[in-house]
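A.B. asks: Construct the entire structure; sequences and hints are all you get.
Protein chains: 2
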Amino acid sequence: MAGDFKVTPYKVEGKIDYDMLAKQFGLERIDEALLERIRKHTGMLHFMLRRGIYYAHRDLNWILDEYEKGNKFYLYTGIAPSGPMTIGHLVPFMLTQWLQEKFGVEAYIQIPDEEKYWARGRPLEEIHELSYDAALNIAALGFDPEKTKIFFDMEYAKTLYRQAVRVAKRITFSMVKDAFGMTNESNIGWIFYTSMQAVPAFLKSVEEGHNVPCLIPLAVDQDVHFRLTRDVVGKLGYYKPATIEAKFLPGMSGDAKMSASSELDTIYLHDDEATVKKKVQRMFTGQQATAELQRKHGGDPDKCVVCQNYRYIFEPDDKKLKAIFDAERDGTLLAGEHKADLAKRINAFLEQHRRNREKIKGRLDDFIVRD
Amino acid sequence: MAGDFKVTPYKVEGKIDYDMLAKQFGLERIDEALLERIRKHTGMLHFMLRRGIYYAHRDLNWILDEYEKGNKFYLYTGIAPSGPMTIGHLVPFMLTQWLQEKFGVEAYIQIPDEEKYWARGRPLEEIHELSYDAALNIAALGFDPEKTKIFFDMEYAKTLYRQAVRVAKRITFSMVKDAFGMTNESNIGWIFYTSMQAVPAFLKSVEEGHNVPCLIPLAVDQDVHFRLTRDVVGKLGYYKPATIEAKFLPGMSGDAKMSASSELDTIYLHDDEATVKKKVQRMFTGQQATAELQRKHGGDPDKCVVCQNYRYIFEPDDKKLKAIFDAERDGTLLAGEHKADLAKRINAFLEQHRRNREKIKGRLDDFIVRD
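The listed protein sequences derive, respectively, from chains A and B. One point on numbering: in this note's numbering, the residue at position 56 of the first sequence is 56, and numbering is uninterrupted. One point on numbering: in this note's numbering, the residue at position 292 of the second sequence is 292, and numbering is uninterrupted.
These are calculated hints, taken from the structure and not from any lab test. Please note that the accuracy of each hint is not assured.
Because identical chains cannot be distinguished in the list, a pair is counted as satisfied if it fits within a single copy or across any two copies.
What the hints assert, rightly or not - When the alpha-carbon atoms are kept at most 30 Å apart in a straight line, the in silico DSBU-like pairs for lysine-lysine are as follows: (1) Lys-102 - Lys-359; (2) Lys-158 - Lys-361; (3) Lys-240 - Lys-320; (4) Lys-72 - Lys-240; (5) Lys-6 - Lys-177; (6) Lys-204 - Lys-40.
C.D. replies: And the structure:
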């Protein structure tokens with residue numbers, strides 16, 4: 001059934017129709033003209049932009065208007081750990097890092113270390129460890145320590161709570177009930193939580209004492225937080241934050257979204273070589289039942305999770321990506337080789353990532369702000 | 001109609017039947033045996049205890065059991081400013097100060113500077129000023145700076161939020177809805193708030209790394225917060241806080257509770273001499289229509305607000321209080337003189353209070369803890 005899917009920050013179900021989702025959420029599409037405007041400033045486009053992985057936005061043209069007037073924006077994104085970070089989690093951070101570099105702007109990165117305790121019952125101690133690990137993963141992606149602030153809600157609560165107080169006043173239970181699917185039996189922490197997530201969207205304006213435009217790269221499931229946020233932040237007299245929104249890296253089986261809590265559906269950044277190999281083996285390719293049939297009929301790269309992994313993250317070069325897609329389509333690339341190649345590519349990526357983590361480890365505190 | 005009254009932290013209505021209230025809330029009465037137990041440690045009893053102004057409790061016997069085993073309790077009380085402090089607000093603080101002195105224990109005093117923004121829409125800037133003024137009023141009552149911590153929620157949020165997170169997880173919207181009369185249109189700050197008020201009831205146990213008994217002096221309208229708190233704090237593995245609960249100083253017109261937000265129903269700690277005189281003039285005495293009739297029939301000290309002001313706060317000496325009550329009852333004390341005497345007494349009290357405030361002003365920071 002068309003439209004038979006559900007996307008909230010706490011649940012992604014069904015086969016997502018991203019066009020319909022953009023309409024439902026009231027997002028604008030990222031079109032060629034907008035990409036061209038970005039390219040003017042960045043020289044080239046990030047492959048996630050070229051490939052429509054970031055496909056929708058709010059007020060991105062306004063962000064560029066302001067930028068062109070000399071009014072720099074800042075970036076805000078984040079992650080609420082409920083498990084170790086996956087390759088899917090890289091999508092917003094890779095774009096954020098790229099935007100920071102190309103536009104020379106600051107980035108605020110929130111790691112709420114209470115959200116999944118409230119929303120999912122994860123133990124606080126576990127989240128605490130996951131949060132530091134996430135910070136290290138993020139810093140290792142090449143963020144500029146001079147221009148990046150990473151913070152954990154509970155360690156930055158004096159700064160955040162004061163502002164969350166102002167947000168919470170303007171959001172009712174009815175509003176969060178509709179937005180997040182809460183019930184009367186939901187805990188009051190989870191009910192309050194969106195106030196904390198709203199704060200970094202105007203925190204720099206508070207700090208500077210004047211309005212600073214904010215751009216939020218995010219996966220589209222988080223949009224509802226920022227719909228509420230935009231409304232409230234506007235009422236508080238700050239600029240409404242702009243957003244740039246991504247589709248989900250598909251899960252192993254071709255599901256809409258890779259799940260961080262489903263061990264087998266997910267490649268973690270900490271997975272070792274053998275584990276990655278094993279997991280990639282399980283990826284859905286949609287290839288024909290036999291090598292012979294595959295050679296004859298070919299496959300569909302749009303449905304092949306191996307191809308999609310290249311497209312989302314592991315093959316930045318468009319020509320090389322096209323070669324892979326073509327080989328999948330014309331049946332010359334069989335599943336075994338296809339998967340072995342991707343496993344190699346992911347392992348090389350993760351090995352480099354681990355080296356970057358090691359290098360940055362001693363300097364993590366250069367990124368973290370605390371009260 | 002019997003029982004036709006309502007007592008919540010956000011609304012006190014009707015003529016309160018304190019016996020029925022204790023039953024409704026599940027409180028134990030403070031009886032002679034319990035008073036005797038306290039007297040054993042304090043030598044004498046505070047007049048508010050002798051007179052049954054503090055009339056109910058939870059687990060106060062347990063507090064004394066632990067104390068007698070050498071396990072000292074600490075005190076926790078507070079005030080959420082929505083207006084300047086009134087003489088009625090003194091009731092919990094005067095007893096808390098006395099308990100601190102007599103038992104040699106610490107006191108934690110919470111001044112939530114967000115609650116009335118959420119619950120009543122008071123401006124934050126106004127609350128901020130009122131909060132500092134309240135801290136000065138409280139410190140001026142003779143608290144020991146070595147043994148007292150006063151904190152404002154927003155300035156102590158790093159400490160408080162971390163613990164409130166644990167509380168909020170265990171309270172549902174249904175629970176606060178029932179307890180505080182919220183609706184779906186209540187804001188999510190107010191819904192969350194009780195989590196912050198719960199924290200000081202176990203904060204010392206967190207700080208010490210072992211369980212410390214906590215005793216909370218309060219006006220009975222706050223009981224519902226601590227019913228929730230006791231439940232949650234028990235689940236977190238800490239001692240449930242004990243409480244000792246007071247009746248309300250009646251309002252000018254004989255209403256159940258002096259209202260801090262009804263200017264004319266209230267004597268503020270900052271009122272000058274003339275204002276106090278004028279306000280005391282308005283007090284309900286229940287005396288007869290003429291001096292002649294009053295001399296003949298006398299009045300009822302239990303209904304006379306002037307008498308009750310002496311009883312609650314301004315006449316600690318039982319013999320002198322009895323003389324005043326007798327004179328009211330037998331008709332020898334006419335309203336004019338009665339009121340003039342009380343105004344003089346209140347003004348002397350407030351003048352001393354202002355001197356104490358001045359003396360302590362420069363040392364207020366000795367009491368305040370911040371993150």
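A.B. asks: Please name the hints from earlier in the document that this structure breaks, with their numbers sorted from lowest to highest.
C.D. replies: 3
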